[in-house]
Amino acid sequence: MKTILNEQQLAITIRRLSHQVLENNIELDNTVFIGIQPRGIFVSDQMIQVIRQLVPPEKVQYGKLDITFYRDDVRNKLHLPNHTDIPFSIDNKNVVLIDDVLYTGRTIRAAMDALIDFGRPAKVTLCVLIDRRFSRELPIQPDYVGRSIDSIVSQKVKVLWKARDGQDEVVLL
Amino acid sequence: MQLSVKHLLGIRDLTRQDIEIILDTATEFKEVLQRPVKKVPALRDITIVNLFFENSTRTRISFELAEKRLGADTINFTASSSSVSKGETLLDTVNNILSMKVDMVVMRHSASGAPHFLARHIPAAIVNAGDGINEHPTQGLLDAFSMREKLGRLEGLKVAIIGDIMHSRVAMSNIYLLKKMGAEVTVAGPPTLIPKYIQQAFDIRVEYNLKKALEWCDVANVLRIQLERQNQVLFSSLREYSLAYGINRRLLDSLNKQIVVMHPGPINRGVELDSDAADSSQSIILQQVENGVAVRMAALYLLSGGTEVGSRK
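As you go down the protein sequences, you meet chains A and B in turn. Numbers 29 to 201, taken from my numbering, label the letters of the first sequence in order. Numbers 89 to 401, taken from my numbering, label the letters of the second sequence in order.
Please note that the accuracy of each hint is not assured.
Said to hold, decoys possible - Below, a list of computed lysine-lysine pairs in the DSSO-like style, where the Cα atoms sit at most 30 Å apart:
id : chain 1 : residue 1 : chain 2 : residue 2
1  : B       : K118      : B       : K268
2  : B       : K174      : B       : K246
3  : B       : K246      : B       : K267
4  : B       : K174      : B       : K126
5  : B       : K299      : B       : K238
6  : B       : K118      : B       : K284
7  : B       : K156      : B       : K246
8  : B       : K127      : A       : K105
9  : B       : K267      : B       : K127
10 : B       : K156      : A       : K105
11 : B       : K94       : A       : K105
12 : B       : K118      : A       : K105
13 : A       : K105      : B       : K189
14 : B       : K268      : A       : K105
15 : B       : K345      : A       : K87
16 : B       : K246      : B       : K300
17 : B       : K246      : A       : K151
18 : B       : K189      : B       : K246
19 : A       : K105      : B       : K126
20 : A       : K151      : B       : K284
21 : B       : K126      : A       : K121
22 : A       : K190      : A       : K151
23 : A       : K87       : A       : K190
24 : B       : K300      : B       : K267
25 : B       : K189      : B       : K238
26 : B       : K189      : B       : K284
27 : A       : K87       : B       : K126
28 : B       : K94       : B       : K126
29 : B       : K174      : B       : K127
30 : B       : K268      : A       : K121
31 : B       : K126      : B       : K238
32 : B       : K94       : B       : K284
33 : A       : K151      : B       : K118
34 : A       : K121      : B       : K127
35 : B       : K189      : B       : K94
Source of the hints: derived by calculation from the structure; they are not laboratory data.
Next up, chain B with everything else stripped away, as it sits in the complex (with noise of 0.2 Å):
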């Protein structure tokens, strides 16, 4: 058995079986980094590159992190210091990098649909690590994971989704697997942050008010908020926004039951979650974080497999 697809590039190209197969072997992963050996040797002929056009901490750690504990050899890639800064275009970085016998490439970049071009002219395979405001897969596997770790399951699940979905790759692809795996979806925010027709487009609810959204949810993912976007300001301010869409202890005890709180990070204390909600115990984020280094593990094992990567061809 394998993924229908040889590159990671959306949840939008995944079914629902691929999904089980990268979450439970997942779940055999996160068995490994609780070994005193935290690696395995999956892929020690493999060498990935870590192209990262975009700034990221905590997703490129990460994926450095699971591609070590799998073996691999690492290269980093950061744009401020490279030839991109030279005027070097996409196509001549990856190729020059492939030159040098790559294996796979592990991609963010601020345009949307780059690491699909780039699969239309590359042969490695590519796992996309956050496209502009299309989708991050490997955060939207690991927030379903977590989910189905703390609460047992995805299907029938009621999962609100809260903030900035306009801009959001991370609300993107959860929408996708959440919808795919049977869970119930509604986002919340202010009306100018919700696209207009995304309650048709993917038959989820929308809910302006955050109380009513919470009210209804198991599980809260809050999304990092900023004040403009594109020198749009989208919101009067941060204040306003967190007195109407922050989430803080006194809202979450008035709830009629105990929701879990979800955070991709990194966190804006005080402005979507105050710090007496993050550190609580109904808060999974610190989980989300280590799943995502057994859950970014199966992306990349569950890729390399069969005769199209690694020098052995």
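Here chain A stands alone, though its shape is the one from the complex (with noise of 0.2 Å):
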């Protein structure tokens, strides 16, 4: 087991990612932010934290996707269902799609897939914490990335948080 980022550079990544959204998108009125159930939820709230004290925290739109019933394996195995929370419409609004591991780009296809349905974006931007990069599937690339790593497809990449794990911390296993 190897520790990419412990609790000092998660919080520090964290912050720089935040500022790096932010700064392409300071206006805020035609932006949305969303997380992806059920892990990409932890990083998303820590960045929407940083960032609701950059600026007015009321101009912040941010919502929750459940990508589950968009998934391309649902016949192989059973997969439960999480909260999905968007209480805003997402047209004409640039979206900032926030996961924790990106790796062979599944998830934001079907991300993208679940968005189609709640409007027309103007635009989707892609961040997320740690890229698993040389390991796509599909061509699917971030905007923001927190930390690049390479792996094989043996290895796994955890992101543990303190209230779910009792730490801070991204390991390569």
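Combine both chains into one complex, guided by the hints.
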């Protein structure tokens, strides 16, 4: 097991990502942030907290998206759904999708299909904490990356959070 | 995590965990029904046949909507307009349909146990939409979902089921489910309509006085009443029934608290339920119908997962 980001690095990376995203989306009226269930929410919750300290909090539109019903492996294994809460329209908005680990790209493909059923966004950009580059199975790339790592198929990247796992850490297993 | 059963034949076969999974999944499907596009593609590779050997509009439409909202292809079969009237057997009917690569069967039949019989003979997953006087599991589930949504819990809830308990598959499914989830149940109605040993068999209360049952309960689930069942007259007249067991505004107002009123439909207005009760703010009858689609979507979705179902085997 190798530690990719310890607690302090993780906090700094999240701050940096939050600033980067905000820098490119200063017109908050036309921007919405959507975290991907179940694990992207831990990243997006923290990022939104940071962003809300930098701009008027009520201008930050934040939603959560569950992609269980849009997966391409529905028949292979049963997945139980998590909660989706998108209390605003995404028509003509810049959607910033937030997830923890980008690996094959299938989750993001499912997220985009789900988003299209909510409306027609002006633009969709992707922010991820960890990019397992060179592991993509679909042509999908992130716009904002916390940390890029090289990994092989047998390895697993785990993002641990204090609230759930007792510590903030990103490890490679 | 998965359901412990391959078919949804009755609440009797479900564990408490199964029920919680179904209700929690139904909550997410209810959210899908509020979206601009009320569909998800989860079952787009699945074909479902709605095999209704008994008349039904409400349940069949609810299932059909649930299937379409999941992206499945649906086929409707009604017994009257089919070869069953030419004497084709149940097994032949179903095997013919399955040869056309149908993946799941939703069945309503007048014989108790018909879906159980079918489950032993065909590979497709089966959902029981009502079999004789045995069970109507999706109704039980949507009733529980509606109670939980309105009152926040099932554990410790006091539910009175009122009417023809003897012939009601809705009552049976409700009783099984409520007991499994830790609720308390009282059945109320004329003695001729309540099975003799039901109290001991299910550890529930029996009450012949409607007002006492309503004063005890948090929720009243009111069942439809018919004068004749299989040529047996079980009470003197509909008017007598409604005088003793009909629920109206005056009765509801005379209670010491506001109870929730439910009915699986269709309502015999003026018999078991008056309009001033059925249309009141205490009634969640229309929410039951709305929840029915979400609950059926959940049941179909949860039964479809895994490698047993679907053409991609």
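To see whether the hints hold, each was checked on the structure:
1. K118(B) - K268(B): Holds, because 23 Å separates the two Cα atoms, which is no more than 30 Å.
2. K174(B) - K246(B): 48 Å, violated
3. K246(B) - K267(B): Holds, at roughly 11 Å.
4. K174(B) - K126(B): Violated. K174(B) to K126(B) sits at ~40 Å, over the 30 Å cutoff.
5. K299(B) - K238(B): 22 Å, holds
6. K118(B) - K284(B): Given that 30 Å is the threshold and the Cα spacing comes to 39 Å, the pair is violated.
7. K156(B) - K246(B): Distance ~35 Å between K156(B) and K246(B) Cα, so the pair is violated.
8. K127(B) - K105(A): Holds. K127(B) to K105(A) sits at ~20 Å (cutoff 30 Å).
9. K267(B) - K127(B): Violated. K267(B) to K127(B) sits at ~34 Å, over the 30 Å cutoff.
10. K156(B) - K105(A): Since the Cα atoms of K156(B) and K105(A) sit roughly 21 Å apart, the hinted pair holds (cutoff 30 Å).
11. K94(B) - K105(A): With Cα atoms ~14 Å apart, K94(B) and K105(A) stay inside 30 Å; holds.
12. K118(B) - K105(A): Roughly 22 Å between the alpha carbons, so the hint for K118(B) and K105(A) holds.
13. K105(A) - K189(B): 21 Å, holds
14. K268(B) - K105(A): 27 Å, holds
15. K345(B) - K87(A): With Cα atoms ~44 Å apart, K345(B) and K87(A) exceed 30 Å; violated.
16. K246(B) - K300(B): Within the cut-off at roughly 13 Å; holds.
17. K246(B) - K151(A): 51 Å, violated
18. K189(B) - K246(B): Not satisfied, since the Cα-Cα distance of roughly 45 Å exceeds 30 Å.
19. K105(A) - K126(B): It holds: about 23 Å lies between the C-alpha atoms, which stays within 30 Å.
20. K151(A) - K284(B): 67 Å, violated
21. K126(B) - K121(A): Holds: K126(B) and K121(A) sit about 21 Å apart, inside 30 Å.
22. K190(A) - K151(A): 33 Å, violated
23. K87(A) - K190(A): Satisfied, since the Cα-Cα distance of roughly 28 Å is no more than 30 Å.
24. K300(B) - K267(B): 21 Å, holds
25. K189(B) - K238(B): 41 Å, violated
26. K189(B) - K284(B): 45 Å, violated
27. K87(A) - K126(B): 28 Å, holds
28. K94(B) - K126(B): 27 Å, holds
29. K174(B) - K127(B): Violated: K174(B) and K127(B) sit about 38 Å apart, past 30 Å.
30. K268(B) - K121(A): Measuring from Cα to Cα gives roughly 47 Å; hence the hint is violated.
31. K126(B) - K238(B): Answer holds: K126(B) to K238(B) is near 23 Å, not above 30 Å.
32. K94(B) - K284(B): 33 Å, violated
33. K151(A) - K118(B): 28 Å, holds
34. K121(A) - K127(B): 22 Å, holds
35. K189(B) - K94(B): 18 Å, holds
Checked against the numbered hints given earlier, this structure breaks hints 2, 4, 6, 7, 9, 15, 17, 18, 20, 22, 25, 26, 29, 30 and 32; the rest are met.
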